[in-house]
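Each chain is listed here by its residues.
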Amino acid sequence: MLELIDITKVYKGGKRAVDGLSMTLGHGMVGLLGPNGAGKSSLMRIISTVTRPTSGTLRYEGTDLTADPNAIRRHLGYLPQDFGVYPHLTSREFLAYLAAAKGLSARSAKARIEELLELVNLTEAVKRPLRAYSGGMLRRVGIAQALLGDPRVIVVDEPTAGLDPEERVRFRNLLSDLSADRVVMLSTHIVSDVESVASDIAVMAGGRLLRRGAPEELMGDLKGRVWEILVDPSTVSAVQSHYVVSRMIRTSAGVRLRVLSAQPPVGDATQVAPDLEDAYLGVIRGAADRRSDDRPAVRR
Amino acid sequence: MNLSALPGLTAGDFKDRVRRPVYLVVLLAAVGLGYLAVPPADGRWVILALGEYRGTYNSAYVGVATALAGALWLTLGGFYVVRKGIARDEETRVGQILAATPVRTALFLASKFLSSFLALASMLGVLAATALAMQLVRGEDRGIDLVALLKPFLVMALPLLALTAAAAVLFETVPVLRGGVGNVIWFFVALVVGIGGQSSSAPLGGLGVGRATDSMRAALTEELGKGGDRAFSLGLTQVAEPLTPFRWDGFELGGGFLASRLLIVVIAVALALLPALWFGRFDPSRARRGDAARVPAEDEADAGSLAGADAPGPAVPVYRPAPTAALTLPKTATESGGTFGRLLAGEVRILVGGVSPWWWVVAAALTVTGFAVPGDLVTGLVLPAVWIWPVLIWSRLGSQQVEHGMEGLLGAYPAVRRRLLAEWGSGVVLTAVLGVAPLIRMALAADVPGLAAWLAGVLFIPSLAMLLGVVCRTHRVFQAVYLPIWYLVVNKVAAVDFMGAVRDAGAPTGPTPLFYAAALLMLGAAFLAAETRRNLSA
Chain P
0 MLELIDITKV YKGGKRAVDG LSMTLGHGMV GLLGPNGAGK SSLMRIISTV TRPTSGTLRY
60 EGTDLTADPN AIRRHLGYLP QDFGVYPHLT SREFLAYLAA AKGLSARSAK ARIEELLELV
120 NLTEAVKRPL RAYSGGMLRR VGIAQALLGD PRVIVVDEPT AGLDPEERVR FRNLLSDLSA
180 DRVVMLSTHI VSDVESVASD IAVMAGGRLL RRGAPEELMG DLKGRVWEIL VDPSTVSAVQ
240 SHYVVSRMIR TSAGVRLRVL SAQPPVGDAT QVAPDLEDAY LGVIRGAADR RSDDRPAVRR
Chain D
0 MNLSALPGLT AGDFKDRVRR PVYLVVLLAA VGLGYLAVPP ADGRWVILAL GEYRGTYNSA
60 YVGVATALAG ALWLTLGGFY VVRKGIARDE ETRVGQILAA TPVRTALFLA SKFLSSFLAL
120 ASMLGVLAAT ALAMQLVRGE DRGIDLVALL KPFLVMALPL LALTAAAAVL FETVPVLRGG
180 VGNVIWFFVA LVVGIGGQSS SAPLGGLGVG RATDSMRAAL TEELGKGGDR AFSLGLTQVA
240 EPLTPFRWDG FELGGGFLAS RLLIVVIAVA LALLPALWFG RFDPSRARRG DAARVPAEDE
300 ADAGSLAGAD APGPAVPVYR PAPTAALTLP KTATESGGTF GRLLAGEVRI LVGGVSPWWW
360 VVAAALTVTG FAVPGDLVTG LVLPAVWIWP VLIWSRLGSQ QVEHGMEGLL GAYPAVRRRL
420 LAEWGSGVVL TAVLGVAPLI RMALAADVPG LAAWLAGVLF IPSLAMLLGV VCRTHRVFQA
480 VYLPIWYLVV NKVAAVDFMG AVRDAGAPTG PTPLFYAAAL LMLGAAFLAA ETRRNLSA
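Chains P and D supply the protein sequences, listed in that same order.
Going by numbering that gives the first Met the number 0, the first residue of the first sequence is number 0, and it counts up by one from there.
Going by numbering that gives the first Met the number 0, the first residue of the second sequence is number 0, and it counts up by one from there.
If you are wondering where the hints come from, they were derived from the structure by calculation, not from laboratory data.
Among the hints, erroneous ones may be present.
[Claimed, not checked] In silico BS3-like cross-links for lysine-lysine, where the CA-CA straight-line distance does not exceed 30 Å: (1) P/Lys-126 with D/Lys-330; (2) P/Lys-109 with D/Lys-330; (3) P/Lys-126 with P/Lys-109; (4) P/Lys-14 with D/Lys-14; (5) D/Lys-14 with D/Lys-83; (6) P/Lys-11 with D/Lys-14; (7) D/Lys-83 with P/Lys-11.
Bear in mind that the values here come from a model prediction, so they are computed numbers and not experimental data.
Starting from the given sequences, assemble the full structure and let the hints guide the process.
Following this line, the structure appears as structure tokens:
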């Protein structure tokens, strides 16, 4: 079990990236959602022991990782959002180096690297230096390195950026499989990435945890508050200024809007079932509204 | 050409340059130089002298001495600071954004030239302030004449800095000069400029020192009555006795002199703009294949079957995604085991990765030469040669993680110190392998002091590289520091002989134990700096 207790991270200049965040992570996948600048990457770096929190405690199976980060590193798989590689090494050489850094024996490293290369579908490219890899292929090398040490905790930050749709699905399924007996934390701002695999979703903004729960719970918050309306293109901005609009499709008959509102925004509005994107926007906009004034959560 | 974007581009680039640690390092070195240029009255060193005489420390003399020393240092060290302005735009992909704007290539190059020039000029400004302070500190003449003090900075040093800034732009746009080869070439170019430029007959007046020395000689002759035509020397030199001061109140600017200095600036501008003829505006299809791979936060979609042979840019291997169902988790259990050997092997691979086969051919030729030449040439010629050849590779030590963007990934890995030790070890291995011929020759000759000096070199070079790499986070500082040290060794300066190349009656005369201590201290400092940086960045 991984425990985050009142974690705060303040950078030089006073920027508070994570602000008193507490959560407990057991086996399974937590999808961390939030807008850009929400503090997701800072939190991921803290969990992966790359960044030390300014205050608060990070604990794994009872061990305080803020005091002893090495206690987890051997069992941690971390895929940062942005990373480089040694361009003149092949993927096999690169993984062999990282396996040694991780402390794996030569025998287990060799076998595991082959398995991982197959898993991420890079066996045909193993002899090429990494500088010749595409962005997506490098991302898959990153995924492979995260799984090198058979990690008990997996932290992946925007892992599917740069992957093609098929690889994206494949990787999501892989994470889902892994999460059966591991702690997996997946950070993204792509709602569809977590929608299909995460049974537990945390929404973060301004360094704080705004909401956590199963997708159904989050969507349940908006039950009866999502509407579809068809409006004239000239009135779209007026609607947007009053309501949170989660989708907009231009059609020959006008513009079809998906609107979050406690009351029907117009007389002929059709109530629709909320999806996770609506729920996410509801949480984010609701928090923003609560910060600015006390207007209803789904109205601007 | 619309010049309205020039100030903004220049200012942005200038700020980016001066906020880098390497700028501070070179700036501090410049301040130190300002101190050295004006030694105390009983000092046993000198930078500017006429035979056994030097000028009284008034504004004119202190200005000339400091400006000339600064010009020499900033032409060499400053070049390494202002390099990579264009490469950085390429790495950060800012270049591609700029390439898609209406900014013309010439304007872009002009902004790079100007920002480089401003960065160097700002260091010169600090040096001028140091000169003023030193005049007051030495106190031989406390009368401040700002015109006399600043004149040499403006007419002697600034044109050379313009030339340096232009060379930095030019070197970055010529593929073969972009990397370490360019750094080494510039070292020798700066050497030629610094030494040859002192001659009055140098093209365009060289450093511009001729006018000042003529005037100094005239003043000395006037003071002594005769015999003022002493040899002019510029450069850090030890003297047996403190120099005798004489009164010199500066030199007059002539129209011809000013025109020649201005011509240098014009040539510099032309050199900086010349690459507009071939500069590729960050078009990836014209990039070199050896460029570092890096996964950006939001990269283009994976070039799978969609990116075939017709796709523009470097060839990308095509792969076939496996069916989604074929997902098998790794089954091999992970066991712990001894890792240092594999870490070291990995670090050696990383260190020498991408080195051209020709490099190895030359290294092999040097080794064979080491076995073939007579004994005295082994340490006097072959050893310095084999220990300058890997300078570009050593310079990667300590900064490879940063330069390849690996910090984020490796930050979550254990065994930080072991990895650092392995990285240093890879440098030791490379140094020892390159020096194997002198090692065997000295062993066969039972040259124990030589072997001890050789070992000091094997430890000293990677330690220096590690420390500078870890602290400055760039490979250029080691290149800028090591080359002058090596040059002094080749010129038989025993005090800095870390390899046993300077000999007297066949025995090394360098302070070998000092280099053992220095190697250990620098390695310790590198570990400490890495740990501190890790804690600070965390």
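Hints, verified against the model:
1. P/Lys-126 with D/Lys-330: 23 Å, holds
2. P/Lys-109 with D/Lys-330: 12 Å, holds
3. P/Lys-126 with P/Lys-109: Holds - the C-alpha atoms of P/Lys-109 and P/Lys-126 are around 15 Å apart, at most 30 Å.
4. P/Lys-14 with D/Lys-14: 22 Å, holds
5. D/Lys-14 with D/Lys-83: Holds, at roughly 14 Å.
6. P/Lys-11 with D/Lys-14: The given pair, whose Cα atoms are some 19 Å apart, holds under the 30 Å limit.
7. D/Lys-83 with P/Lys-11: 27 Å, holds
Figure legend: structure checked against the earlier numbered hints; every hint is met.
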